[in-house]
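Participant: Taken in sequence, the protein lines are chains A and B. If you count by the numbering used here, then the first sequence holds residues 1 to 309, one letter each, in order. If you count by the numbering used here, then the second sequence holds residues 1 to 276, one letter each, in order.
These are calculated hints, taken from the structure and not from any lab test. All values derive from a computational prediction rather than experimental measurement. For each residue, glycine too, the CB sits at the ideal point set by N, CA and C. Treat each hint with caution, since some may be false.
[What the hints assert, rightly or not] The calculated lysine-lysine pairs, modelled on DSBU-like cross-linking and capped at a C-alpha distance of 35 Å, are:
#  : chain 1 : residue 1 : chain 2 : residue 2
1  : B       : K220      : B       : K154
2  : B       : K142      : B       : K154
3  : B       : K137      : A       : K218
4  : A       : K194      : B       : K220
5  : A       : K218      : B       : K190
6  : B       : K46       : A       : K105
7  : B       : K219      : A       : K194
8  : B       : K163      : A       : K211
9  : B       : K210      : A       : K194
10 : A       : K211      : B       : K137
11 : A       : K211      : A       : K107
12 : B       : K46       : A       : K107
13 : A       : K218      : B       : K163
14 : A       : K218      : B       : K134
15 : B       : K163      : A       : K194
16 : A       : K218      : B       : K142
17 : B       : K248      : A       : K194
18 : A       : K211      : B       : K134
19 : A       : K194      : A       : K211
20 : B       : K46       : A       : K194
21 : A       : K211      : B       : K219
22 : B       : K134      : A       : K194
23 : B       : K154      : A       : K211
24 : B       : K257      : B       : K269
25 : A       : K194      : B       : K190
26 : A       : K194      : A       : K218
27 : A       : K211      : B       : K210
28 : B       : K137      : B       : K220
29 : A       : K194      : B       : K142
[What the hints assert, rightly or not] If the Cβ cut is set under 7 Å, some of the chain B residues that face chain A in the computed set are:
#  : residue
30 : I104
31 : R107
32 : R108
33 : N118
34 : G132
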Amino acid sequence: MRDAFSGTFRDTFKVSILPFSALIFGIFLLMLLVYFANSIQIFQKEGIEIYTTNKWIASEDPEKEFYGVLAAIYGSIYSSVIAVVIALPLSISFAVFVIDYAPSKLKEWFIIATDIMAGLPTIIYGIWGAFVLVPFLKDFVMYPIYNHLSFIPFFSFEPLSGYSFLSAGVLLGIMVTPFASSIIREAYRMIPFKYREAVFSIGATRYEATKILLSYIKPAIVAGVILAFGRAIGETVAVSLVVGNTFNIHPSLFAPGYTISSLIANQFGNAFIYEYMVSALFAAGLSLFFVGLAVNLLGMYILRRRVHE
Amino acid sequence: MRARKSKDRGAKKIETAIETAIETAIETAIETINLNVYYNSNHVIKSVSLQIPENVVFAIMGPSGCGKSTLLRAFNRLIELQENARVEGDIKLYGRSVFEMNPIEVRRQIGTVFQQVNPFPHLSIYENVAMGLKLNKLVKSKDELNRTVEWALKKAALWDEVKDRLNDFASNLSGGQQQRLCIARALALKPEVLLMDEPTANLDPIATEKIEDLIYELKKEYTIIIVTHSPSQAARVADFVAFLYLGKLIEVGPVEKIFENPAENLTEKYLTGRIG
Numbered sequence: 001m002r003d004a005f006s007g008t009f010r011d012t013f014k015v016s017i018l019p020f021s022a023l024i025f026g027i028f029l030l031m032l033l034v035y036f037a038n039s040i041q042i043f044q045k046e047g048i049e050i051y052t053t054n055k056w057i058a059s060e061d062p063e064k065e066f067y068g069v070l071a072a073i074y075g076s077i078y079s080s081v082i083a084v085v086i087a088l089p090l091s092i093s094f095a096v097f098v099i100d101y102a103p104s105k106l107k108e109w110f111i112i113a114t115d116i117m118a119g120l121p122t123i124i125y126g127i128w129g130a131f132v133l134v135p136f137l138k139d140f141v142m143y144p145i146y147n148h149l150s151f152i153p154f155f156s157f158e159p160l161s162g163y164s165f166l167s168a169g170v171l172l173g174i175m176v177t178p179f180a181s182s183i184i185r186e187a188y189r190m191i192p193f194k195y196r197e198a199v200f201s202i203g204a205t206r207y208e209a210t211k212i213l214l215s216y217i218k219p220a221i222v223a224g225v226i227l228a229f230g231r232a233i234g235e236t237v238a239v240s241l242v243v244g245n246t247f248n249i250h251p252s253l254f255a256p257g258y259t260i261s262s263l264i265a266n267q268f269g270n271a272f273i274y275e276y277m278v279s280a281l282f283a284a285g286l287s288l289f290f291v292g293l294a295v296n297l298l299g300m301y302i303l304r305r306r307v308h309e
Numbered sequence: 001m002r003a004r005k006s007k008d009r010g011a012k013k014i015e016t017a018i019e020t021a022i023e024t025a026i027e028t029a030i031e032t033i034n035l036n037v038y039y040n041s042n043h044v045i046k047s048v049s050l051q052i053p054e055n056v057v058f059a060i061m062g063p064s065g066c067g068k069s070t071l072l073r074a075f076n077r078l079i080e081l082q083e084n085a086r087v088e089g090d091i092k093l094y095g096r097s098v099f100e101m102n103p104i105e106v107r108r109q110i111g112t113v114f115q116q117v118n119p120f121p122h123l124s125i126y127e128n129v130a131m132g133l134k135l136n137k138l139v140k141s142k143d144e145l146n147r148t149v150e151w152a153l154k155k156a157a158l159w160d161e162v163k164d165r166l167n168d169f170a171s172n173l174s175g176g177q178q179q180r181l182c183i184a185r186a187l188a189l190k191p192e193v194l195l196m197d198e199p200t201a202n203l204d205p206i207a208t209e210k211i212e213d214l215i216y217e218l219k220k221e222y223t224i225i226i227v228t229h230s231p232s233q234a235a236r237v238a239d240f241v242a243f244l245y246l247g248k249l250i251e252v253g254p255v256e257k258i259f260e261n262p263a264e265n266l267t268e269k270y271l272t273g274r275i276g
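This is chain A alone, in the form it adopts within the complex (with noise of 0.2 Å):
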């Protein structure tokens, strides 16, 4: 193995970054770990049901407890899917006027006020969310759709509280936003001028001119894509005030629910009383790592067929 770059500094330079990029990856390691060991119990008990049924029995007796997550992950799913399908044409659109359209001395307090936004502790938005966009949501998104158009699944539970996947989902869409955007902007911004150029040259539009700019980069919107569901999925205190916090299997939007991160915030105080809540709570933590690896396996398929320059 030789080549051209290896002299003594090289190789000295590599070896003292090395064990930083063997930490993170071995933390991650032991991380997972960790949450396989503690989750053995609960699956040796209930097998893989602890994923597909909708069950939560918490009993002083050991023999009637029964955990099965499945109305929180697919809380989780749905909510993030909710914020994604929200933050994406937000974080777009927000991207392509603060490259293009806004003016060039307000474009960067545009810029430190999404990283302001992006920044901001999560318990702001729960509050918020709580008190206003809840409320808002429920009085003039949720009961005029609900008093027309409940015939539709996707609409056919009563928002009775408000709290329910459609206000997790917009709050998280909300929250998610400055981190898609950021990612979008920088890839927008980097275009090369030749390829704007060329696009006006065949005689685009500008509208026409931002579709074809953001198709060439389309591998970041995808990374801003899974960013944003990994931060969506991920989050915790904000959703556990708005999503209602039911186990709750149903279509519709109005419809509370439960995450799996706020499932396991809300419960892991009392935990301890239970024989396998802990246990349960870990394996359902553990769902999450699987979630995240299929939404970036996802991504790659995306981009399967991308070739670089």
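Following the hints, complete the assembly by docking chain B onto the known chain A.
Facilitator: Okay, now just chain B, sitting in the frame of chain A:
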């Protein structure tokens, strides 16, 4: 090709003489009237008035930074993509001011090939050519689209090399092929004028020769305005030459006249390599 060109030279001289004689009768494709371009307060093009006849190769030559590319981009209003650019004066395409036309229409009629080879790397060879046709709704059916794409690729002398791999990414072509793809992309819109901004500056000599051959073929049907920093390229491909220096039009005329008997001292200095 070189041999053919030098053989043609004699015949061309007569042709040029005739052309000069009847210049007023020849249709003018592009005319600039007292054209000024500024970048912020920087005066880049200074009162340029030019007449470019149709179906010729018209070369704009000059040293780097003299404003050649800027002038070219003014013709089809691509200059307006530069936020700080300001254009004064008028540009006429077949007698009609481009500033009274929709810029999209201007760019459809005046195609551009760039110095930096820029096919869309994420689109297929086919899509690169088809894109402009679709955007401008120039074809009515899938069949017509296919035929026009094939026609454009043939015009750009690329069809034989890519006909079996039309769905391959444009980025997989060689540099010279990519540049011919850009020519096909421009030709597909059936423009009247083709602007070429140093189209061979980033290509190897063989690819350069292919492009120059192509220019020779294309001038039968198109008015070609080519920017070059190389006087020898201007001599090889052009019928008319304009010499631009520090944003000013120094001299313009038939290629033989400029190269053999320049009227201006500056032109002679440039051609003999004393400036530039």
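Participant: So, for every hint listed, does it hold in this structure?
Facilitator: Going through the hints against the structure:
1. Among the hinted pairs, K220 of chain B with K154 of chain B is consistent with the structure: their alpha-carbon atoms are about 15 Å apart, no more than 35 Å.
2. At most 35 Å may separate the alpha-carbon atoms for a hinted pair to count; K142 of chain B and K154 of chain B meet this at roughly 18 Å.
3. Between K137 of chain B and K218 of chain A the CA atoms are separated by roughly 25 Å; this keeps the pair inside 35 Å, and the hint holds.
4. Of the supplied pair hints, the one linking K194 of chain A and K220 of chain B holds, its CA atoms being roughly 28 Å apart against a limit of 35 Å.
5. A distance of roughly 30 Å separates the Cα atoms of K218 of chain A and K190 of chain B; the hinted pair therefore holds under the 35 Å criterion.
6. A hinted pair counts as satisfied when its Cα atoms are at most 35 Å apart, and K46 of chain B with K105 of chain A qualifies at roughly 30 Å.
7. Distance restraint check for K219 of chain B and K194 of chain A: the Cα-Cα separation of roughly 25 Å lies within the 35 Å cut-off, and the hinted pair is therefore satisfied.
8. Distance hint between K163 of chain B and K211 of chain A is fulfilled; the C-alpha atoms sit about 27 Å from each other, no more than 35 Å.
9. Note on K210 of chain B and K194 of chain A: the hinted pairing holds, with a Cα-Cα distance of about 23 Å set against a maximum of 35 Å.
10. With a C-alpha separation of about 16 Å, the suggested pair K211 of chain A and K137 of chain B falls inside the 35 Å cut-off, and the hint holds.
11. Our distance criterion of 35 Å between C-alpha atoms is met by K211 of chain A and K107 of chain A, whose separation comes to about 21 Å.
12. Using a Cα cut-off of 35 Å, the hinted pair K46 of chain B and K107 of chain A holds, with the two alpha carbons roughly 33 Å apart.
13. For a cut-off of 35 Å, the pair hint linking K218 of chain A to K163 of chain B stands: about 27 Å separates their Cα positions.
14. Proximity of K218 of chain A to K134 of chain B is assessed by CA-CA distance (about 21 Å); at most 35 Å being required, the pair is judged to hold.
15. For the hint linking K163 of chain B to K194 of chain A, the alpha-carbon distance of about 26 Å falls within 35 Å, and the restraint holds.
16. The hinted pair formed by K218 of chain A and K142 of chain B meets the criterion: a straight-line CA distance of about 26 Å does not exceed 35 Å.
17. Distance hint between K248 of chain B and K194 of chain A is fulfilled; the C-alpha atoms sit about 26 Å from each other, no more than 35 Å.
18. Distance check on the hinted pair: K211 of chain A and K134 of chain B sit about 13 Å apart at the alpha-carbon level, within 35 Å; holds.
19. For the hint pairing K194 of chain A with K211 of chain A, the CA-to-CA distance comes to about 16 Å; that is within 35 Å, so the pair holds.
20. A hinted pair counts as satisfied when its Cα atoms are at most 35 Å apart, and K46 of chain B with K194 of chain A qualifies at roughly 26 Å.
21. Distance check on the hinted pair: K211 of chain A and K219 of chain B sit about 33 Å apart at the alpha-carbon level, within 35 Å; holds.
22. Our distance criterion of 35 Å between C-alpha atoms is met by K134 of chain B and K194 of chain A, whose separation comes to about 21 Å.
23. In summary, the hint linking K154 of chain B to K211 of chain A is supported, as the alpha carbons are separated by about 28 Å, within the 35 Å threshold.
24. At roughly 15 Å between alpha-carbon atoms, K257 of chain B and K269 of chain B fall within 35 Å of each other, so this suggested pair holds.
25. A threshold of 35 Å between alpha carbons decides the hint, and for K194 of chain A with K190 of chain B the separation of about 22 Å falls inside it, so the pair holds.
26. This hinted pair checks out: K194 of chain A and K218 of chain A have alpha carbons roughly 18 Å apart, not beyond 35 Å.
27. Distance check on the hinted pair: K211 of chain A and K210 of chain B sit about 33 Å apart at the alpha-carbon level, within 35 Å; holds.
28. The straight-line distance between the Cα atoms of K137 of chain B and K220 of chain B is roughly 26 Å, inside the 35 Å bound, and the hint therefore holds.
29. A hinted pair counts as satisfied when its Cα atoms are at most 35 Å apart, and K194 of chain A with K142 of chain B qualifies at roughly 29 Å.
30. Checking I104 of chain B against chain A by beta carbon gives a least distance of about 5 Å; that is within 7 Å, so the hint holds.
31. Given hint, R107 of chain B at the interface with chain A, holds; its Cβ is 5 Å from that chain's nearest Cβ, closer than 7 Å.
32. Hint on R108 of chain B holds. Least Cβ distance to chain A is approximately 4 Å, under the 7 Å limit.
33. Interface restraint check: N118 of chain B against chain A, minimum CB-CB distance 4 Å, threshold 7 Å, status holds.
34. A cut of 7 Å between beta carbons decides the hint on G132 of chain B: the least distance to chain A is about 3 Å, and the hint holds.
In this structure, none of the earlier numbered hints is contradicted; all agree with it.
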